[in-house]
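K.L.:
Sequence:
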Amino acid sequence: MTQRQVLLTLPEVVAMTRLSKPTIYKYIADEEHDFPKQVRLGPGRVVWVKSEIDHWLRQRMKRRDEDFDKFAARMSEELGIPVTVAKRPSDTA
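Residue numbers for the sequence shown follow my numbering, so the first one is 1 and each next one is one higher.
To be clear, the hints were calculated from the coordinates, so they are not data collected in a lab.
Don't take every hint at face value.
Unchecked claim - Capping the alpha-carbon separation at 20 Å, the derived lysine to aspartate or glutamate pairs in EDC-like fashion look like this:
| id | residue 1 | residue 2 |
| --- | --- | --- |
| 1 | K26 | E12 |
| 2 | K70 | D30 |
| 3 | K21 | E31 |
| 4 | K21 | D54 |
| 5 | K50 | E12 |
To be verified - Label-pair restraints from in silico Cβ distances:
| id | residue 1 | residue 2 | range |
| --- | --- | --- | --- |
| 6 | D69 | R18 | 19 to 27 Å |
| 7 | R40 | V14 | 15 to 23 Å |
| 8 | A72 | L19 | 25 to 33 Å |
| 9 | A73 | S51 | 26 to 34 Å |
| 10 | S76 | V6 | 36 to 44 Å |
| 11 | R74 | P22 | 30 to 38 Å |
| 12 | P22 | V83 | 32 to 40 Å |
Each residue gets a CB set at the ideal place from its N, CA and C atoms; glycine is no exception.
Whenever a hint applies, use it, and build me the whole structure from the sequences.
P.N.:
Right under this line is the structure:
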């Protein structure tokens, strides 16, 4: 059985990501951000697939955590003492 996709309107994507409308469209146009593209349903009507937005947000959090881990390792090396990192909520999910 195919799982039904949840579709989001632009205001829902704005609320979910806390990005402005112009930023969302800028991120779609700029491949560096890898933001999910909208699905055109008809004239003047577009939606986004919620699971794609969820995945994009998870990837951003993962990248943030990796960047922080690199920073902590660099600080440990520069300071000559171990820098420990507390567990983040995303580590337990």
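K.L.:
Next step is simple, just say for each hint if it's right about the structure.
P.N.:
Verification of the supplied hints:
1. K26 <-> E12: Roughly 17 Å between the alpha carbons, so the hint for K26 and E12 holds.
2. K70 <-> D30: Given that 20 Å is the threshold and the Cα spacing comes to 26 Å, the pair is violated.
3. K21 <-> E31: holds, 17 Å
4. K21 <-> D54: This hinted pair holds, its Cα atoms lying about 17 Å apart.
5. K50 <-> E12: Holds - the C-alpha atoms of E12 and K50 are around 10 Å apart, at most 20 Å.
6. D69 <-> R18: 19 to 27 Å: Since the Cβ atoms of D69 and R18 sit about 24 Å apart, the hinted range of 19 to 27 Å holds.
7. R40 <-> V14: 15 to 23 Å: holds, 18 Å
8. A72 <-> L19: 25 to 33 Å: Since the Cβ atoms of A72 and L19 sit about 28 Å apart, the hinted range of 25 to 33 Å holds.
9. A73 <-> S51: 26 to 34 Å: holds, 33 Å
10. S76 <-> V6: 36 to 44 Å: For S76 and V6 the Cβ distance comes to about 42 Å; the hint holds.
11. R74 <-> P22: 30 to 38 Å: holds, 35 Å
12. P22 <-> V83: 32 to 40 Å: Since the Cβ atoms of P22 and V83 sit about 38 Å apart, the hinted range of 32 to 40 Å holds.
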